[in-house]
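From first to last, the protein sequence lines are chains A and B. Residues in the first sequence are numbered consecutively from 1, following this note's numbering. Residues in the second sequence are numbered consecutively from 1001, following this note's numbering.
These are calculated hints, taken from the structure and not from any lab test. Every value quoted in this text rests on a predicted model; they were computed, and no experiment measured them. Among these hints, one or two may not hold up.
Only pairs whose alpha carbons sit at most 30 Å apart, straight line, appear in this in silico DSSO-like list of lysine-lysine [stated by the list, open to error]:
#	chain 1	residue 1	chain 2	residue 2
1	A	K72	B	K1097
2	A	K163	A	K104
3	A	K123	A	K161
4	A	K123	A	K57
5	A	K72	A	K161
6	A	K57	A	K163
7	A	K72	B	K1339
8	A	K123	B	K1339
9	A	K104	B	K1339
10	B	K1052	B	K1241
11	A	K72	A	K163
12	A	K72	A	K104
Listed next, with one range per pair, are the computed distances between beta-carbon atoms [to be verified]:
#	chain 1	residue 1	chain 2	residue 2	range
13	A	D150	B	L1379	53 to 59 Å
14	A	K72	B	S1088	19 to 25 Å
15	B	A1402	A	A22	50 to 56 Å
16	B	L1043	A	E16	47 to 53 Å
17	B	I1319	A	R106	50 to 56 Å
18	B	I1122	A	A22	48 to 54 Å
19	B	E1090	A	K72	16 to 22 Å
20	B	K1097	A	D66	40 to 46 Å
21	B	R1144	A	M39	37 to 43 Å
22	B	P1324	A	S40	35 to 41 Å
23	A	E73	B	P1324	25 to 31 Å
Facing chain A, from chain B, some residues (calculated, C-beta under 10 Å) [said to hold, decoys possible]:
#	residue
24	N1209
25	P1335
26	N1336
27	P1337
28	Q1348
29	V1351
30	V1353
31	V1356
32	N1364
33	G1365
34	L1367
35	G1369
36	P1430
37	Y1431
Each residue gets a CB set at the ideal place from its N, CA and C atoms; glycine is no exception.
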Amino acid sequence: MSNGPEHTPPAGEPIERRALLARVGVGLAGAAMAAPLVMSVRSLVPDALYEMPRRIKVGPPDHFADGPTFLKEQRVFVFRAGPTFHCLSAVCTHLGCTVQLVRKERTQGGQGVEFHCPCHGSKYREDGTNFAGPAPRPLDYLRLELAPDDGQLVVDLAQTKDKGWRFTV
Amino acid sequence: MAEETLTRGQDGKRRLSLRDLTWSWNPATPREAGDAVVRNFLLHWFPNKVAKASIASRYSMWLGVISLFLFLNLTLTGVVLMFLYVPSVERAYGSIKDLEYAVSFGRFLRALHRISAHLMVIAVFLHMVRVFLTGAYKNGVLARQNRRLNWCLGLAMLLVTLLLSFTGYLLPWDQLAFWAVTVGTNIAKAVPVAGEAVRFVLLGGHEINQNTLIRFYVLHCVFLPMLLAGLAAWHLWRVRKDGGLAARDRVALGERQEAAPPVPSKTYMLLGIASGRAPDVQTSLVDPERHLVPAVPGLLRRLLVVALVTFAATSALAIWMGAPLEAPANPDVTPNPAKAPWYFLWLQELVTVTTVRLGGWTINGALVGGVIVPGLLLLWACAAPWLDRSGPEATGVWFHRARRRANGIFLAICVALIVLTVIGTFLRGPYWNFYWPWEAWPAHPARY
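Here chain A stands alone, though its shape is the one from the complex:
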């Protein structure tokens, strides 16, 4: 390292032994310091998770009443219309708070539901369409299926479906 630039040989020529060893030494020292840093940071990215399963049995289909049912532990709304089901995520698409179901009188008569978010005031229609507040997109439709073993309805929190997706038992 004490050799100034005037000692640096032109490209193609072998460099001096001292300069080479100095470079190798610096490189090794750098690697020796970088390795534990990388290991420390990597150790903070979990490999094993002990979380709630993403596919959850929520009960036999005929236990659901017609209309929306809120399942608070799964943070979803399960809608039933006779044999047809669909499932809306209750997680606001803005910043992840749980939206609340609000019953509204329809102008044409009858009742409809809306979903309002308590954190930043996003509002969604019954079909999940966002119509007010900062929400950037509609609520997610989640996949439903029947458990093959006992016929319970299963919500898959990891699989979103297109808007308007229905599941018929």
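Since the structure of chain A is already known, use the hints to place chain B on it.
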């Protein structure tokens, strides 16, 4: 004993002053005052002398010092709280309840910690406002100043202070904590490309659980305080290297014509004399008799008074206000309205109103208001010293005419942030709807 409280005046005669009742030691000579700094371990980082302009409270209002003492207070109370708090999702809330109702003085210590944190956010913010409005991020007349760097260090410290507050109010694991982590980490998630991974590492998984709590606990108790302490040390070191507060540069500027030629009794840097910009030469421009006082006791006594007032005020506020605790964290129910602490409500307002819709395109307010707008503000603040074209005469003085426009823009931003905070604090009700303070909130289901 009475003999010892007598000190010599300028004329060498002994006189009794009122000060001697509270301060039994008074240096008789500058040499004696300097020795007090050099020989004392606790004071070794003090300057020998400070400018009267620097310690004038109408200039600095001691806001940086107050921030430092609040940080000290937070460290001391925080270490005690660490003995009593259990960072586990099952027991965290219970240990805070114990602090409130079962631990002797636990309620006071927790309230002291919390109120100091709130005051520190205010003090650090006001300190930044003071530095900006006095143009103290500008270099003056001394050589090798780098106040721009120190301004950026200060901004970094403001950021760390806010992160400390954020990680701190998560620890009780009440409803405020749980939904603040939810919203906070979803703002991080809104960052393009890296967001998802950042949230995963912050939470230690996909959902908020034990991994999350222990991460924020270590950040709050170890990582961020050490970072802040390091930055504060660097910040103060730079203040010394920059020759004290910017007000001192104005003194030097005013005294320039009185510059004496180099004298043989002093050591000069050769290049400094040649260019006329060495700190030693320039420092000599400030007439020590008129403008400087020994740091001990001049500065030390004021520091002790500021510390005393700070601790007294925080203690009184802690007893008066206490520290609230919401219901235990419940992932099933979002409180309505779910409000962040007041110093983040401007951000909550921003993420609410900044969702942008252009034709079929929608950009989430989480990205615009949560990341882009604060990021641009921070970037502008960092760049401000470089954008400022005013001369050195605008350094270290409140509202200098040459900096009228910069001050105007800065104050407008500050007022906007304060207005957003006030709206969020007083004018937002259930579902984040707008209500005047005199309007009653409608009845709504508090929980399912």
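Numbers of unmet hints, in rising order: none
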